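S.K.: As they're listed, the protein sequences go chains A and B.
For the first sequence, the residue numbers in our numbering are 1 to 509.
For the second sequence, the residue numbers in our numbering are 1 to 511.
Treat the hints loosely; a few may be bogus.
Only pairs whose alpha carbons sit at most 20 Å apart, straight line, appear in this in silico SDA-like list of lysine to any residue [unchecked claim]: (1) B/Lys166 / A/Phe308; (2) B/Lys68 / A/Ser492; (3) B/Lys68 / B/Lys166; (4) B/Lys166 / A/Val438.
Covered, in the sense of this in silico footprint (three residues per stretch, anywhere, with C-beta under 8 Å from a C-beta of chain B), are these stretches of chain A [what the hints assert, rightly or not]: (5) 423-432; (6) 490-498.
Pair by pair, the computed Cβ-Cβ distance ranges are [to be verified]: (7) A/Pro388 / B/Thr363: 27 to 35 Å; (8) B/Ala40 / A/Gly30: 52 to 60 Å; (9) B/Gly395 / A/Pro493: 54 to 62 Å; (10) B/Leu196 / A/Phe186: 40 to 48 Å; (11) A/Ser314 / B/Ala462: 46 to 54 Å; (12) A/Arg48 / B/Gly194: 56 to 64 Å.
No wet-lab data here; the hints were simulated from the structure.
As the structure is a prediction and not an experimental result, all values here were calculated from the model.
For glycine and all other residues, C-beta sits at the position ideal for the given N, C-alpha and C.
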Amino acid sequence: MTPAVIAQIEPIATPEIEWFAVSPLLVLVGGALVLLTAAALARSRPPRGFYALFTVVTAALAVACSALLWQRVTDPGRGPFTAIGGAITIDGFSVFFAVTITAAIALGALLADDYLRREGLDGPELYVLMLLSGTGGVVMAMANDLIVVFLGLETLSIALYVMAGLHLRRLESQESAIKYFVLGSFSSAFLLYGIALVYGATGSTNFGAIAGFLSGNVLASNGLLLAGFALLLVGLGFKVAAVPFHVWTPDVYQGAPTPVTAFMASASKAAGFAALLRVFVSTFDVYRLDWRPLMWGLAVLSLLVGSFLAVVQSDVKRMLAYSSISHAGFILVGAEAASDRGIAGALFYLLAYTFMVVGSFGVATLVGGRGDADHGLSAYRGLSRRRPLLALAFTVLLLAQAGVPLTSGFLAKFYVIGAAVEADSYALALIAMLSAVVAAFVYLRITVAMYMGDETEGAEAVTRPAVRVPPGAALALGVAVAFTIVVGILPSPVVDFARDAVPVLLSAP
Amino acid sequence: MNDLGFPLLTALIVVPVLGALAVALVPRSNAALVRGVGVATTLVVAALSVWLLVVFDGNDAGFQLGEKYTWIADFGIAWNLGVDGISLFLVVLTGLLYPIAVIGVRPHHDPKPYLAWLLLLEAGCIGVFLSLDLFLFFVMFEIVLVPMYFLIGGWGYGDRVYAALKFFLFTMAGSAFMLVGIVALAFLHQQATGELTFDLVTIAEAQGSIAQTTARWLFLGFAVAFAVKVPLFPLHTWLPDAHTQAPTAGSVILAGVMLKLGTYGFLRFGLYLFPEAAAYFAPFLVTLGVIGIIYGAVVAAMQRDLKRLVAYSSVAHLGFIVLGTFAFTTQGLQGGVIQMVNHGISTGALFLLVGMIYERRHTREIAELKGLQKAAPVLAGVFTVVMLSSIGLPGLNGFVGEFLILLGSFPTRRWWAVVATVGVILAAVYLLWAYQRVFHGAPDEANAGTPDMDRRERLIMAPLLAAIVFLGVYPKPVLERIEPAVDRLIAHVEASSDFSQPEVAATEGER
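Based on the provided sequences and hints, a complete structural model is requested.
M.R.: Here is the structure:
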């Protein structure tokens, strides 16, 4: 080709990038890269806790950027907007998840700090991966396009696969990484196939365009679209650990290093729900009659299987894993309502749940001891005598998960139940509340072990290695417990936050 | 804010919470200060409840001393408190029973968390009686489970962990239905009127905003929660375990105050919110209540454990209260309310006495106790009075309540009242029989050395005995404060259902 011909070719129209819109992402990725480079170039080891501190500061900066974005999207004059050629939406919803996921990163980093030293794994890798994985989660929440959802999901997941296998000397950790990787790849394939089918049926991957097409056209044959729904639901259901796509959860949660489990249970679930809510409740709103029964089934199965199987576990990490499945069921109750209140309830639940679950796995990190050796219920026997404050903190978090009033967990349940009842899903609301009673038995079992362990077994407890509570983990637990109680008593700010964070559908400009 | 210029009702809830926090902050080593703070808090609350009694206007049928602050604006939820003739005496009962339970019973270990949990429990119980917001009510109704669970599990006897778990899960399962009912009620009210609120009075006065069949379903949701709490046969099985294994103070509060949460719930929420449904289901509930009366009495007579016997007697007594409540007559409801107070006093006192016997003999097996009367005459004398009050002997408080209930239920629920009367006789059978076996006869070697009541024990039983006699001889001041609220409630039921109070009962009530 001659230069003249080349000159005639139109330059590829790269979209204008509004850097401010992606500032939380930039901060997170930038932080990860700086940390990685600095750690690689540094001659000497950094002072204790530097990596964790750096991660927390990065997370705080990301929250600050999110706060600025929040100001913009809630300003009536400006409001939500799309950026990067309509690939992402910046609305209250994206900001809400940016905050939730970043909080999970910060808390996870605080837990990881002492854990990594204890296990002799100290290094920047986990923190870098956590930041990158969180970035993927935020991308999923911001996505305004199915392809972007997939990009975010892969960023989130690939980092998580590595994190799960980070404990080099523990076989369970390796096993959980492989299991998660193989099954996760499957689910990604499902998701991708679903995206392809939806594209085939609607002619677009952009949410605004899809929603516009679906409301403007009646499909003569909607088999392709419905198959796409089903496949998308499989892919996202896997990420949020909804039954029947949950089988990986207990094994991976149990095997992964406990701080990673905490991150996985909070951030990864939040990101999965972000995509689920935006894709189904917001974009496929017109087809709610088709997907609501599916969501109903997933919710009921998750609630029942999660709570009943949690009862028969003897390992606390597995109990918490199954209980996180039943929490997914509760969030699905909010999604099933397919209303603004349902979404707001699901959001409130996710934020409250993030703090509860990170705190709970945080306690498990400490009690589990070196090498994640013992997560059996017996490790918790008599904890109230050995570590009264730790036992009290765990009790608050467990009671919150059970839905005892004056905790954030109760309001979260109240919120989603309210949404379900408003949408006339009485049966679902009742099943959810009754499954909460079953789940409460699990939490009470742990409490019983901590407070009412028999005296004879208490003697055995003396020989256990003392449970250390390092400052980083103490801070993380303190924040989690404080959030749980304060939001439980004065929920209005978070209620308003969730209410204003309902996703907005915007087409590409 | 009310006209007192002081948030009295909020203080009644907040003071115990502050007391609990204070107890938690006092160092463990300073046992005397821990106890001092705990006792002082209960005394302050008792004083506040007496103040409430003094400022209460006996002629006003509505809610008094109301306080309302927005809590969660988005849902129309408010910190909304008020007191009327029905809740007044339950609050006072709680306020006055607490110092007795706290001073009278010392825990065997860890007094600090024990007192903190007890005080939190007090806040929750008073909160239930004062809440006029459905959400707030549910919060209080549920939160009491946590301290009670820890009290039973931590300081109880024998199979305490099992009893604590059973108690928690039974009640929580009942509440699950109620929560869905509360939420549904609020949203249905919103659909009908456009206003999302959990305010009890607003929703109850807007009768007709909810379809009849729906209201019946919702009533059932509430009824399950209350029936577990009362407990109504056949949902009562948690009660004997919880009462028997709980520490003495726990049993006193459990029987004295917490059982009333269910019957109070029926009155305040069941009848007030769903008058038509309450009238519709009344025969069913009254039947369960009467079954409870007979069943509780028969099973109590068969018990070998003295504490379990008292526990089952509660099932019978609470059956009477349910009968009175669903009789829908002035006397029936009045009797129900005053019987709640009476049962709190007599059964609370009985549990204290059983606790004293246990402290002395380290057994509650009736077979191992014999001739205590010789060894401990004062204890036997006090036990006699309390027992007779529980049986319903005229001149003591139990008679007033049971008589009013039978009188009130006879015109509207004739045959149920007839069967219930048998329960009065059965109560005499099981209690007198137990008394004979425990106190009469010549004490054997093990029982001969049983010490009598000491000064502290006499001191804490004295106010209970005084209340038993006072309410038996002169219940008028209590009844006339209860009556306006009860009449208003019955008028509310009559206005919203095809039920109407028979003339006899109505004119009797006027007197």
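S.K.: If any of the earlier hints don't hold here, list their numbers in rising order.
M.R.: 3
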